[in-house]
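**Q** Here is what each chain is made of, one letter per residue.
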Amino acid sequence: MSKPISITAPLTDNVLRALRAGDRVLIQGVIYTARDAAHRRLAQALREGRDLPFDPRRQIIYYTGPAPAPPGTIIGPAGPTTAVRMDPFTIHLLQAGLKGMIGKGERSPETAAAIREAGAVYFAATGGAAILLARSIRKAEVAAYPELGPETVLKLEVKDFPVLVAVDTVGGNLHREGRDFYRM
Amino acid sequence: MRSVRAEKVAEAVARLYREAACSPDPGLEAALAAGRAREESPAGRAVLNDLIENLRLARQTGAPPCQDTGTAVVFLELGQDLRIEGGDLLEAVDEGVRRAVREGYLRPSIVADPLRRENTGDNTPAVLHLEIVPGDRLKLAVAAKGAGSENMSALKILTPAAGEEEIIEFAAAVVEKAGASACPPVIVGIGIGGNFETAPLLAKKAITLPLGERHPDPFYAALEEKAIERINRTGVGPGGLGGRFTCLDCHVLAAPCHIASLPLAVNLDCCLPRHQTATL
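Chains A and B, in that order, give the protein sequences.
Numbering that gives the first Met the number 0 puts the first sequence at residues 0 to 183.
Numbering that gives the first Met the number 0 puts the second sequence at residues 0 to 279.
A portion of the hints provided could be inaccurate.
As the list claims (entries may be wrong) - The following label-pair restraints were derived from C-beta to C-beta distances:
1) B:R136 <-> A:D35: 37 to 47 angstroms
2) A:F180 <-> B:A221: 21 to 31 angstroms
3) A:F180 <-> B:E164: 23 to 33 angstroms
4) A:D35 <-> B:A172: 35 to 45 angstroms
5) A:T7 <-> B:L127: 28 to 38 angstroms
6) A:F53 <-> B:V132: 51 to 61 angstroms
7) A:T11 <-> B:G162: 50 to 60 angstroms
8) A:T7 <-> B:V132: 53 to 63 angstroms
9) B:E164 <-> A:T7: 51 to 61 angstroms
To be verified - Some chain B residues well away from chain A (every beta-carbon gap over 12 angstroms; in silico):
10) S2
11) E38
12) L50
13) L81
14) P124
15) A220
16) G238
No lab work stands behind these hints: they were computed from the structure.
From a predicted model like this one, the values you see are computed outputs, not experimental measurements.
Using N, Cα and C, we set each Cβ at its ideal position, and we do this for glycine too.
Excised from the complex, chain B in its bound form (with noise of 0.2 angstroms):
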């Protein structure tokens, strides 16, 4: 049986979280500015302008280029015929965290107590999603999730009478709503089907898709495209200033669901899409 040492994936969380926390999408700069030829407000314009220099920035010293270095949320596919050596999963997990943000000068943001709220100190613990897959690896997804756009990200539950339009007027209605708190031009991910708790997952994990990446399936590719088109007509624009670039993408992900519903959850993402993979 294949094993992996529980230190190297303390290693490798360490490595990603800090990579995805420093270094956008390699695909931001050129969306950014792409947007920027497009945009007709002159608000909009100098918000991007800002981001586009706020990005080179970010290149040349290798800081993250937003204090809010977010929630370590980890994804761990874990292939069911290896092995975890020399230390818990879980804790090793915390410990990749724990040394980005002591080596990277990432923001301790995450508090013990919901309520009482005392901060950790070193972002621990991650937000972590783990699935049991064929196999004998190991990949690791981290993301660096701000908490402006997560909190204005919504769940309803529709009835199956609703179609593409109604999801896509949500999905709207979410972007307009948060306005400038998300920090537009936004990244949307759209969660449709499974449970009541498998909506919002799967719209996590849309957020985590690479920038400019359509849906295989030509149905939802298309679906993503409406739900642009329809998000930047909102107004919002970059920054919330008003303008016509308020959506920086769309990946849907869709589920088998119950023939009584239709979970839909809508989870935004800013301006600084910021996720990592590896595969042990």
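Looking at chain A on its own, in the form it has when it is part of the complex (with noise of 0.2 angstroms):
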């Protein structure tokens, strides 16, 4: 395994371009939470030519729900959802600058294509890992929609926070290349 790269969000396309699919990330800076509910009202409100409630420009969203926080810690376990249940919201929110997400599992040949030709990354971190990764959360507050409970936005600060690049701006695709090269 390659040395890990760390990335500080929001992302330059300087830095988009130069990860490749398989490369470890430490992630750095503020990203979002968004989930599937907060993924139908964002992409809503951006058809409807409405400002959202964070600018997701050079942004990272990561897809998770986390469980509650006990008193006195920051965030409860918050592991990566299914990326593919964001694809039919993905492409609004490209248009709208966002230019990175932290997900489980393979986009559609479509979604990815349109992640590529947006100058866009999609990292994938570890399912079922979630305590591990709550531990790179350094701070964490309402960012819009609570009243979705565990699927409310969330702004996060992140630190060491560890992906793996799986969609690439130049055409590379992690699941698709790994799972080809074991297959028997």
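Starting from two chains that each stand alone, build the complex the way the hints lay out.
**A** As structure tokens, then:
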């Protein structure tokens, strides 16, 4: 495995273009959470020409719905949820300037192409490692839609949040390549 | 006639659901470590390292190892000579789920209506399967069932002309299509027989069986072994990143069926098998 690359959100084009499928990456800075219900609302707002509750330009969205935080803790366990469920909404967010997504699993071929064409990157985090991943979250506050409970949009500050590049800007696709290599 | 208070049922469900969500199958760590020793893929080994470290953190902190603490799936086997007193049995089950969620900081993941989708806030109602059995005991089995793997499960009605091979190929295709979404290495529950509605319930029961346990009938035990070997050839690997260790375990449950039918259901569970049982 290669040495991890440290990147900081918001993401610049130079950083995005240098990433390749399979690279280990440690994310620093601010990222936003959003999963199914929040994506529906964000995409709806964009279709209606309304402003989003946060500026998505050059930002990263983490597909997660954390468990509740016990008193005295920053956040509960917070692992990635299945990314392909966000595919119907992803194109709208890319058009609004989103440059990074963190989730688990392969994107549809259409969405992977849209991500590449937007010069954006999709990162994979380890599904089922929710406590481990939450340890990299240093601050969490509500950014929008608190009425959605576990699907609230949170603004997170992360330090060394560990991911792999899954869809890069030059056509690399970690899941597809990995499976094809090991299929018997 | 023997009796049990409904409050005792609520207490048991609360304890079992919380324990299930926070403490996966006791054999899991050893099974993941054994898989890691055989795994050829560096990315796959890195995923297994993450999962093993995450389990250690769960033990240390008492927190649930996954944020998706699941649908609470509750199997009750109620002895016909047992009376439930002082309350409604079904309400007691939901009260248990509610307490586990509140006291264990589990995630409320249930919406009251599938289309209008408002979160109930306490993970109720449970998915409840009730069976009346001989005796005067109440057996409870509670699973914390995550949606990532549930979403990728499948049902197919084969014809009796189909054999073992078609069953195994179907299971492998389900796992391959699921890829990383089901959080591999996965547990594969295969339900065969019964009717349209029977096979999925058998498959669900199959994923709640202890890790490493083989079917008591050598014929089905062999089918489980063959399915594991075939699924490990899909290349999906840990985390769906490519590798050899795709199937953590496979359990088959079978039931009698019609001369014209061969119902087949494959229920996937993730790399965190979470279930507990108790008898009152």
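**Q** Next, verify each hint and record whether it holds.
**A** Hints, one by one, checked against the model:
The given range of 37 to 47 angstroms is respected by B:R136 and A:D35, whose C-beta atoms sit roughly 41 angstroms from each other. The hinted window of 21 to 31 angstroms between A:F180 and B:A221 holds, with their beta carbons roughly 30 angstroms apart. At roughly 26 angstroms, the beta-carbon separation of A:F180 and B:E164 lies within the given 23 to 33 angstroms, and the hint holds. Checked against the hint of 35 to 45 angstroms, the C-beta distance between A:D35 and B:A172 comes to roughly 26 angstroms, which is inconsistent with it.
Look at A:T7 against B:L127: about 48 angstroms separates their beta carbons, and that is not inside 28 to 38 angstroms. In this structure the supplied range 51 to 61 angstroms holds for A:F53 paired with B:V132, their Cβ-Cβ distance being about 54 angstroms. Separated by about 57 angstroms at the C-beta atoms, A:T11 and B:G162 satisfy the suggested range of 50 to 60 angstroms. Separation of A:T7 from B:V132 is about 60 angstroms and conforms to the stated range, judged on CB atoms against 53 to 63 angstroms.
As the Cβ distance of B:E164 to A:T7 is approximately 52 angstroms, the hint placing it in 51 to 61 angstroms holds. No beta-carbon of chain A comes within 12 angstroms of the beta-carbon of B:S2; the shortest separation is about 36 angstroms. Not every CB of chain A lies more than 12 angstroms from the CB of B:E38, the least distance being 10 angstroms, so the non-interface label is violated. The non-interface label for B:L50 is inconsistent with chain A: the shortest C-beta to C-beta separation is roughly 6 angstroms, within 12 angstroms.
Under the 12 angstroms C-beta cut-off, the non-interface status given to B:L81 relative to chain A holds; the minimum distance is some 35 angstroms. Every C-beta of chain A lies more than 12 angstroms from that of B:P124, the closest at about 16 angstroms, which supports listing it as non-interface. In this structure B:A220 is separated from chain A by more than 12 angstroms, as the shortest Cβ-Cβ distance comes to about 23 angstroms. Listed as outside the interface, B:G238 is inconsistent with that label: its C-beta sits roughly 6 angstroms from the nearest C-beta of chain A, within the 12 angstroms cut-off.
Going down the numbered hints, you'll see the structure goes against 4, 5, 11, 12, 16, while the others check out.
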